[in-house]
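So the protein lines, in turn, are chains A and B. Position one of the first sequence corresponds to residue 1 (my numbering), numbered consecutively onward. Position one of the second sequence corresponds to residue 615 (my numbering), numbered consecutively onward.
No wet-lab data here; the hints were simulated from the structure. Even for Gly, the Cβ is constructed at its ideal location relative to N, Cα and C. Careful: at least some of the hints might be erroneous.
As the list claims (entries may be wrong) - In silico DSS-like cross-links for lysine-lysine, where the CA-CA straight-line distance does not exceed 27 Å:
| no. | chain 1 | residue 1 | chain 2 | residue 2 |
| --- | --- | --- | --- | --- |
| 1 | A | Lys295 | A | Lys321 |
| 2 | B | Lys658 | A | Lys255 |
| 3 | A | Lys91 | B | Lys658 |
| 4 | A | Lys609 | B | Lys658 |
| 5 | A | Lys91 | A | Lys103 |
| 6 | A | Lys91 | A | Lys58 |
| 7 | A | Lys49 | A | Lys108 |
| 8 | A | Lys595 | A | Lys450 |
| 9 | A | Lys533 | A | Lys492 |
| 10 | A | Lys148 | A | Lys324 |
| 11 | A | Lys329 | A | Lys24 |
| 12 | A | Lys200 | A | Lys295 |
| 13 | B | Lys658 | A | Lys231 |
| 14 | B | Lys658 | A | Lys218 |
| 15 | A | Lys264 | A | Lys298 |
Said to hold, decoys possible - In silico negatives: residues of chain A with every beta carbon more than 10 Å from chain B:
| no. | residue |
| --- | --- |
| 16 | Leu271 |
| 17 | Asp379 |
| 18 | Gln597 |
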Amino acid sequence: MDQYILGLSCFYHDSAAVVLKNGKIIAAAQEERFTRIKQDANFPINAIKFCLQTANIKLEQISGIYYYEEPNTKFSRIISTYLNFGLSGIKSFPSSVSSWLTKKLHVKNTIKTSLSSLLNAGERCPEVHFIPHHESHAASAFYPSPFKEAAVLCIDGVGEWATTSAWLGRDNKLEKLWEIRFPHSLGLLYSAFTYFCGFKVDSGEYKLMGLAPYGEPKYYQTIIDNLIDIKSDGSFWLNMEYFDYAIGDTMTNDKFAQLFDGPKREPESELTNREFDLAASVQAVLEHVVYLLAKNIKQETGADHICLSGGVALNCVSNGKLEKKGLFKSVWAQPASGDSGGSLGAALCGWFSRQGNPRHSDGINDQMLGGYLGSEYSDEQIEAYLNQQGAIYSRIESSKLAPTVANILAQGNVVGWFQGRMEFGPRALGGRSILGDPRCEKMQSTMNLKIKNRESFRPFAPSVLTEQAANWFDMDSDSPYMLFVHPVRHDKRIATSAGDDNKQGIEKLKVKRSEVPAITHVDYSARIQTVSKDRNSLYHDLISEFYKKTDCPIVVNTSFNVRGEPIVESPENAYTCFMRTAMDYLVLGSFVLDKTQQPNWEESIDWKKEFALD
Amino acid sequence: MKNFFIFLTSSIIALVSAVVFVVLLWPLGTVYRLVKDPMTLTRKPNSSSYKHYSTLAEK
Numbered sequence: 001m002d003q004y005i006l007g008l009s010c011f012y013h014d015s016a017a018v019v020l021k022n023g024k025i026i027a028a029a030q031e032e033r034f035t036r037i038k039q040d041a042n043f044p045i046n047a048i049k050f051c052l053q054t055a056n057i058k059l060e061q062i063s064g065i066y067y068y069e070e071p072n073t074k075f076s077r078i079i080s081t082y083l084n085f086g087l088s089g090i091k092s093f094p095s096s097v098s099s100w101l102t103k104k105l106h107v108k109n110t111i112k113t114s115l116s117s118l119l120n121a122g123e124r125c126p127e128v129h130f131i132p133h134h135e136s137h138a139a140s141a142f143y144p145s146p147f148k149e150a151a152v153l154c155i156d157g158v159g160e161w162a163t164t165s166a167w168l169g170r171d172n173k174l175e176k177l178w179e180i181r182f183p184h185s186l187g188l189l190y191s192a193f194t195y196f197c198g199f200k201v202d203s204g205e206y207k208l209m210g211l212a213p214y215g216e217p218k219y220y221q222t223i224i225d226n227l228i229d230i231k232s233d234g235s236f237w238l239n240m241e242y243f244d245y246a247i248g249d250t251m252t253n254d255k256f257a258q259l260f261d262g263p264k265r266e267p268e269s270e271l272t273n274r275e276f277d278l279a280a281s282v283q284a285v286l287e288h289v290v291y292l293l294a295k296n297i298k299q300e301t302g303a304d305h306i307c308l309s310g311g312v313a314l315n316c317v318s319n320g321k322l323e324k325k326g327l328f329k330s331v332w333a334q335p336a337s338g339d340s341g342g343s344l345g346a347a348l349c350g351w352f353s354r355q356g357n358p359r360h361s362d363g364i365n366d367q368m369l370g371g372y373l374g375s376e377y378s379d380e381q382i383e384a385y386l387n388q389q390g391a392i393y394s395r396i397e398s399s400k401l402a403p404t405v406a407n408i409l410a411q412g413n414v415v416g417w418f419q420g421r422m423e424f425g426p427r428a429l430g431g432r433s434i435l436g437d438p439r440c441e442k443m444q445s446t447m448n449l450k451i452k453n454r455e456s457f458r459p460f461a462p463s464v465l466t467e468q469a470a471n472w473f474d475m476d477s478d479s480p481y482m483l484f485v486h487p488v489r490h491d492k493r494i495a496t497s498a499g500d501d502n503k504q505g506i507e508k509l510k511v512k513r514s515e516v517p518a519i520t521h522v523d524y525s526a527r528i529q530t531v532s533k534d535r536n537s538l539y540h541d542l543i544s545e546f547y548k549k550t551d552c553p554i555v556v557n558t559s560f561n562v563r564g565e566p567i568v569e570s571p572e573n574a575y576t577c578f579m580r581t582a583m584d585y586l587v588l589g590s591f592v593l594d595k596t597q598q599p600n601w602e603e604s605i606d607w608k609k610e611f612a613l614d
Numbered sequence: 615m616k617n618f619f620i621f622l623t624s625s626i627i628a629l630v631s632a633v634v635f636v637v638l639l640w641p642l643g644t645v646y647r648l649v650k651d652p653m654t655l656t657r658k659p660n661s662s663s664y665k666h667y668s669t670l671a672e673k
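With the rest of the complex left out, here is chain A (with noise of 0.2 Å):
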């Protein structure tokens, strides 16, 4: 008899349900998508439905529900924390414990009576199963990783204690080494600087990443000297005189603005030079100690390959240059490394950990399936919506849609792609993605400002056919997942003036660097998502016949959402999307819409007000 299993992460950010069918993932998805609400925390009920529904069962057939964290280690953490800060706790001491002792710390029943809603009399609810934050990040890394045995890093802000733990995989095992715990984080020291530098915790994280190549790490000696001690096993103490995190509203204090020569940024006022070189510093600090952690754990555990997981593994710049390091023969990361990957790792950690089911791995494929592990909508489907929407489109023929929407590329224009099942996971993977000519110059700056609406000096990735990458880019293994950066090949860069070498902060962007300039970033480097036949055969052939017209194999890849909105999940969503902004095209299966056919678009809100800027 098949078994099923729920996997849940919900209550803090990134809420997310998977289903495993004999230990196999079936269907994934975050909350966010389904609610329209980024990040969403609450409850991931619809999410739950959809994963149901894929797995055709009903609730009563799931086997066992494990959930990500232990609520009582985490409340014990928090009653530790304000044990140790003494007087200062006073102010969020009543409203952190007030909402501990009313929900938090309730989890299986919140759990069991969210759920009443879809059992029938008579139906029992599965049991459910808590599993430590960090034991459930390794399990998300390390079980559907190709590998028989291998290290596991995992670094993030705060589970329960642990903010860095280190593992051992071998076959159906993960053996724990050791954890750095709070409120030394790794991931909260990143968060501090995204605060400061006047993004949001949680989600600007990737836009610091971003803006770090702007920069010059002048700040790394500051930080070494006065808020990181780091020893030669890479274990670090942060000096808590310098952040507020821990009890109190924000992340950084008064004394964190002195060393850095005056407050934070505010949210949306101009970036300058301090920010850029800020976010430069602590993204050096940041490789210096993942290298220095993972290098401890070769001489540790004599492992060939390493996992990766926690927030802190979606630093794709980080993972392309422990990659580049050589340590270990292969580095792979879950693609939903955040907390939403977290109900992934919960469900197989009871399959393999808490049930000794046992495991098989090939030594090449993981058991991601390409990540697609979302809902998807037929064609029928989406017919009815056009017509219901009174859309113009047209119907192509399989055969002929991968070159129609190639030509269509290659114009110049921007096309809403909206294919097959969606992603699990922060990042579109051409699924529900924005594609764009990387050859053209102003692509960037069209992308960001005019369909995306968010800030100009955010890169974008390219897809680029898994046998033309070495091509094009300075890489010799696979990213299938957009989590490994490395440099555009210098034979396809272009010279730069002297003038243009002396250009600072924005000003670089204005620079040619390459010959697929949209996607090259002001240090050369590309967040690069390999696209391979057997994963991904549709957007594999676009991207072929793109390659056939232009010479080209690579598109530009980003995200179907605007600034602040979940990425896409419904022909409703994506019909939206397209028509509030300033994209030409839109794919959606086999339908193909031209923006200037559309019938007028009235909405009587501001829609650019709907989604919180992120």
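Could you slot chain B onto chain A? The hints should help.
This is chain B only, laid out in the frame that chain A set:
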């Protein structure tokens, strides 16, 4: 009405929490920190590593 009760419960818990903090947690914390500082928040430990080994892999 339900929202009112939630508001009332939260307010009462917050008030009791504040009292518990001043009467219990603060003095207890002061003694706790004098005796032991398990999280090494206020004192940097004199150690060659900041790792905590799990019981299984104690080194």
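Now for the hints, and whether the structure bears them out:
{"no.": "1", "hint": "A/Lys295 with A/Lys321", "in the structure": "holds (13 Å)"}
{"no.": "2", "hint": "B/Lys658 with A/Lys255", "in the structure": "holds (18 Å)"}
{"no.": "3", "hint": "A/Lys91 with B/Lys658", "in the structure": "holds (26 Å)"}
{"no.": "4", "hint": "A/Lys609 with B/Lys658", "in the structure": "violated (46 Å)"}
{"no.": "5", "hint": "A/Lys91 with A/Lys103", "in the structure": "holds (20 Å)"}
{"no.": "6", "hint": "A/Lys91 with A/Lys58", "in the structure": "violated (45 Å)"}
{"no.": "7", "hint": "A/Lys49 with A/Lys108", "in the structure": "holds (19 Å)"}
{"no.": "8", "hint": "A/Lys595 with A/Lys450", "in the structure": "holds (14 Å)"}
{"no.": "9", "hint": "A/Lys533 with A/Lys492", "in the structure": "holds (25 Å)"}
{"no.": "10", "hint": "A/Lys148 with A/Lys324", "in the structure": "holds (22 Å)"}
{"no.": "11", "hint": "A/Lys329 with A/Lys24", "in the structure": "holds (26 Å)"}
{"no.": "12", "hint": "A/Lys200 with A/Lys295", "in the structure": "violated (31 Å)"}
{"no.": "13", "hint": "B/Lys658 with A/Lys231", "in the structure": "holds (12 Å)"}
{"no.": "14", "hint": "B/Lys658 with A/Lys218", "in the structure": "holds (26 Å)"}
{"no.": "15", "hint": "A/Lys264 with A/Lys298", "in the structure": "violated (38 Å)"}
{"no.": "16", "hint": "Leu271", "in the structure": "holds (33 Å)"}
{"no.": "17", "hint": "Asp379", "in the structure": "holds (45 Å)"}
{"no.": "18", "hint": "Gln597", "in the structure": "holds (48 Å)"}
Consistency note: the structure conflicts with the earlier hints numbered 4, 6, 12, 15.
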